[in-house]
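Given the coordinates of chain A, work out where chain L with the ligands should sit on it, guided by the hints.
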Amino acid sequence: MENLRIGVYICMCGTNIAKIVDVEAVAKFASEVPEVVLAKSYKYMCSNPGQEMIIQDIKENNLNRIVVAACSPNMHERTFRSALRIAGLNQYLLEMANIREQCSWVHSDPVEATEKAKALVNAAISRVKLHEELESVSARMCPNVLVIGGGIAGMTAALELADAGNTVYLVEKENHLGGNLARVDLTAPYLYSARDLLTERITRINNNKNIKVFLSSKVTSLTGYIGNFRAVIQNLVSIQEGKTRDTEVEIGNVIVCTGYKEFDASRIVHYGYGKLPNVITSFEFEKMLRAGRIETKEGKTPKYVAIIHCVGSRSQEFHSYCSRVCCMTALKYAHEIKSAIPDCYVSDIYIDMHAFGKGHEDFYRSSSQAKTLFLMYEKGDRPVIHKAGPKDDCGMLIEVNEKLSGETIEIPADLVILMVGMEAREDAYEVARIVNISQDKEGWFIESHPKLEPVATTTDGVFIAGTCVAPKDIPDTVAQARAAAARILARIAKEKIEIDALYSEVNPNLCSGCRLCNLLCPYSAIEFLEDKKQSHIISALCKGCGVCVAACPSSAIKGRHFTDQQILAQVEGLLAEKL
Amino acid sequence: MAIRVNPEFINELDRFGAEDVQLCYQCGDCSTVCPHADEVYRFPRKSMKLLQMGLEQKIETTLEPWLCYYCGQCSEQCPREADPGETMMSLRRWLISKYDFTGISRAFYKSRTVEVLTIIFVAILTGALLLYYGFTNGNIGIYDGEGAFLPSHFVHRFDLSVGAILLVFLLINAFRMWKMVMVRGTNFPVPWWLYIKKFYQLPWHFFTQKRYSECEKKRGHKIYMPWLIHLGLMLGYVTMLVLVMVFVELLQKGPEIRWEVHVFGYLATIGLLAGTIYFIRGRFKKHYIQYKKSHGTDWVFVILLFMIVITGISQHIFHRTGLIEMANITYVIHLMSAVPWLLRMPFTKWAHLVYRPLAMYFASIRREAIERDTAVKELYPLVIK
Ligand SMILES: Cc1cc2nc3c(=O)[nH]c(=O)nc-3n(C[C@H](O)[C@H](O)[C@H](O)COP(=O)(O)OP(=O)(O)OC[C@H]3O[C@@H](n4cnc5c(N)ncnc54)[C@H](O)[C@@H]3O)c2cc1C
Ligand code: SF4
Ligand code: SF4
Ligand code: SF4
Ligand code: SF4
Ligand code: SF4
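These protein sequence lines map, in sequence, to chains A and L. My numbering applies: residue 391 is where the first sequence begins, and numbers increase by one. My numbering applies: residue 5 is where the second sequence begins, and numbers increase by one.
For reference, chain A alone in the conformation it holds in the complex (with noise of 0.2 Å):
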């Protein structure tokens, strides 16, 4: 056993510990614990001087253990750990003892505040005691990467990966590229052509030899971490054949677009979708835009068309969320069409108008300029569709209670356009749980953080970008596929990753199989070694939760840095008589 020269450090935090905490009586009381070699206050540990301190008295009386007890680790455990670095210690062999979240900032009494912190000292003592040197290990960064959906989003992202030179595997289950936006005519509000946007990346894509387009294909597994990820996908159509051809290939990050899904129009029953022919949902009047004839069934040309904003959005029945895109595609509509139809009549019935991104309220003003009938309808209040009689000029007749202006009144209308809303798509569940990412309560992909990480998500190596993450516009979606193909191409160019030592291990000589743990690490981190029937955690993609070090039945499994061994000594030393 070595020899133990511990070094102690009180911090006084400017007034915020030392008015409560008498701490010269508790570096008096650390000094007298066996094997502490030094125990010293200041007014700022963290402060350079402070660090100084530790590194030079480190030096000199070849300490090679550092107890600290200042605030929370969260705050300053790497400012000490990098001073142990400094000093030529191992950064592990220190511990810190939290006297001011924990101690000076909750009590009043100085009294007893002193002899809590005097135990809290205590325990980091008898820890420290047992800190045993760690290194943090480094993985091999794979530099391809894998992208699951070929819409707008997946497509830029790739092109931007493969671009700097990256082999890229573009995993589409539809036998086409281009996504929802494929389904698009014109785009708002600047009206430039969806198929303009997108044969240029196809283009580009097709020509690209760093990237390999799977059509017509799935990812059914993604095992490994970040860096050195397995993915298995697979062919549909030989699915259908009844046969299996699967590929599998190694990548080091994963970047999930799958998009979005439209609302179904008929789970509005008194819109009438389905049964009433001449009431369409905005995706099959994109069909008709792109064909280039507005008609209704009877393929007349319509004199009135009627919008109905919000189909399945903003309503506590369906969706709460706003889609955010329908209110300028309606924009879009009322444009397209009185171009192509000069005298034909255009409402436009919303519950507001969203009109919040670059160029939208130029857009709305311009729709109003070309006598786009406004109307407002109230949330809960939704307009009825009926058939109109023989004596009307119309097709249908629409009833809203218009809120601006309090009146009930009767719009004509020979086409009615749904404005249906995004939804996550039927399989996002099978993709969350295959790439192990979480969904929202309304199916969308959960970022890691909403401000500051919206693209990561909390799996290392797994990205999320587009209209798979919530209802987006264009812009949008392309802002995000480029930002996760930027974190990437970061730390492709790293080369290696860093994984923390603060990881588990099994014991291969304790470990019964009994897969327990298997089922329980919520990071998926622990691997069943079919040959040695055994379990091993993948230490690249352990945080070190410790829900298996608890579970385990065999005690096999030991968390690196925070030991049984540890936390007992840590509890004996805070629980100790004799002060």
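By construction, these hints were calculated from the structure, which means they are not laboratory data. Owing to the predicted nature of the structure, the values given are computational and were not obtained by experimental measurement. Check the hints yourself; a few may be wrong.
Here are the computed lysine to aspartate or glutamate pairs in the DMTMM-like style, where the Cα-Cα straight-line distance is at most 20 Å [as the list claims (entries may be wrong)]:
#  : chain 1 : residue 1 : chain 2 : residue 2
1  : A       : Lys761    : L       : Glu60
2  : L       : Lys201    : L       : Glu60
3  : A       : Lys769    : A       : Glu800
4  : A       : Lys793    : L       : Glu43
5  : A       : Lys602    : A       : Glu638
6  : A       : Lys693    : L       : Glu16
7  : A       : Lys761    : L       : Glu16
8  : A       : Lys728    : A       : Asp752
9  : A       : Lys793    : L       : Glu16
10 : A       : Lys651    : A       : Glu800
11 : A       : Lys948    : A       : Glu895
12 : A       : Lys793    : L       : Asp33
13 : L       : Lys50     : A       : Glu843
Chain L residues, not near chain A, derived (Cβ > 10 Å throughout) [unchecked claim]:
#  : residue
14 : Ile14
15 : Gln26
16 : Gln81
17 : Thr212
From the three backbone atoms N, C-alpha and C, an ideal C-beta is built for every residue, glycine too.
What follows is chain L with the ligands alone, placed relative to chain A:
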């Protein structure tokens, strides 16, 4: 019962001057700044919406356009440049044409040519009639008394018959207005005695134009200039009308007439002249937002008025300086512009003079009737605070 929207209506209103209604996105800024809007009479925002939807039957029954004095504050405020002030003005024009049973008003608003041709026709007819009378019964060298070219008793009778025609038109139209607004436009009981209780509103608003001054007040102006001019012009006009209708025989007599007639005559002339010049200047300079867009009929109105004032004054001067022949000729020209101008009144902007006080009167009856009617209270939850 659901009312059917009429998307074509907005195009019709275009011709009455409401060119930018479609731009309104209902933010309500205009109603917030309007000095006259309140919980019962919500305008111009709501009027804009009714107009966009083309709810013709509904707009017909509204009084809101008459409650607006076109101070222009709403138009200055509007973030969409939808020009709500001008829209209210156009609605007034449209309402005048709706109240008018002859269809003349409509024709005038829709085509300036029709209006100008009608005016010329009436002017020539008047001129021909007067000249015929003058040359067959009188002497162009005599202005008043025995053998006069246009003897005052004749002119008086002539004036009275023009006045009678005017009155018939106005009364019929006012009755139609009452029916639209107070019968078809109310779905709540209006007790008859309210008509008596509120009657004072009629002369009060007619003679003070008080609500106009409130526009200036809200702007924070110390001197309510447009209101003063407006009031001066209106009072001048009314005085002159009374003089012409009742005292024309005295007026024509010459220097020996009663001094009161003189004083009133001069005062009225000053009011008319100042007002006319002010308005013409305003329309040229467009320094007030309400003058930014002048409808064709507005121009015809000022030009005619200006002609009347000028010929009236010069005829007076010629008479006093002894240029009797000139005086008689100018008299004919004066009447040639005055008659069409007067006859135009029930069909155009000057019908304001009648409709606006009537509207104020009806509006205050309506307000009280609404407040009284508990059932209707539910429709106007804001009123019962
Ligand atoms: C009617 C309508 C009009 C619109 N108009 C405009 C507009 O004018 N302007 C604008 O900015 N935005 C518009 N949008 C929004 C636009 O469609 C989206 O922003 C954009 O398409 C999102 O692209 P994406 O790649 O995220 O998703 P998607 O287009 O949905 O692409 C996802 C792709 O992933 C594939 N996929 C899904 N699941 C799997 C799986 N498990 N395995 C493999 N592949 C899978 C799908 O087949 C699809 O090809 C409109 C939307 C609608 C509904
Ligand atoms: S974008 Fe507009 S139409 Fe679509 S859900 Fe939101 S508010 Fe409704
Ligand atoms: S500009 Fe701001 S306040 Fe105005 S509508 Fe947009 S989000 Fe709302
Ligand atoms: S410590 Fe947590 S993350 Fe690591 S293997 Fe065990 S359960 Fe999984
Ligand atoms: S301020 Fe303009 S846009 Fe707003 S409600 Fe009034 S007229 Fe409409
Ligand atoms: S012009 Fe003046 S009075 Fe008329 S609606 Fe506008 S703010 Fe009100």
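Verification of the supplied hints:
Simply put, A:Lys761 and L:Glu60 have alpha-carbon atoms about 17 Å apart, close enough for the 20 Å limit, and the pair holds. A distance of roughly 31 Å separates the Cα atoms of L:Lys201 and L:Glu60; the hinted pair therefore is violated under the 20 Å criterion. Between A:Lys769 and A:Glu800 the alpha-carbon distance is near 18 Å, which keeps this suggested pair within the 20 Å criterion. At most 20 Å may separate the alpha-carbon atoms for a hinted pair to count; A:Lys793 and L:Glu43 meet this at roughly 16 Å.
Taken as a hint, the A:Lys602 and A:Glu638 pair is honoured in the structure, with Cα atoms around 13 Å apart against an allowance of 20 Å. The suggested pairing of A:Lys693 with L:Glu16 holds, with an alpha-carbon distance near 18 Å, which does not exceed 20 Å. At most 20 Å may separate the alpha-carbon atoms for a hinted pair to count; A:Lys761 and L:Glu16 meet this at roughly 13 Å. At most 20 Å may separate the alpha-carbon atoms for a hinted pair to count; A:Lys728 and A:Asp752 meet this at roughly 17 Å.
Using a Cα cut-off of 20 Å, the hinted pair A:Lys793 and L:Glu16 is violated, with the two alpha carbons roughly 24 Å apart. Distance check on the hinted pair: A:Lys651 and A:Glu800 sit about 32 Å apart at the alpha-carbon level, beyond 20 Å; violated. Distance check on the hinted pair: A:Lys948 and A:Glu895 sit about 5 Å apart at the alpha-carbon level, within 20 Å; holds. Note on A:Lys793 and L:Asp33: the hinted pairing holds, with a Cα-Cα distance of about 17 Å set against a maximum of 20 Å.
Taking the CA atoms of L:Lys50 and A:Glu843, the gap is near 45 Å; set against the 20 Å cutoff, the hint is violated. With 10 Å as the threshold on Cβ separation, the claim that L:Ile14 sits away from chain A is violated: the shortest Cβ distance comes to roughly 6 Å. Listed as a non-interface residue, L:Gln26 fails to keep its Cβ farther than 10 Å from every Cβ of chain A; the least gap is roughly 5 Å. With 10 Å as the threshold on Cβ separation, the claim that L:Gln81 sits away from chain A holds: the shortest Cβ distance comes to roughly 17 Å.
For L:Thr212, the requirement that its beta carbon stay farther than 10 Å from each beta carbon of chain A is met, with the minimum near 33 Å.
This entry does not satisfy hints 2, 9, 10, 13, 14 and 15, going by the numbered hints stated previously.
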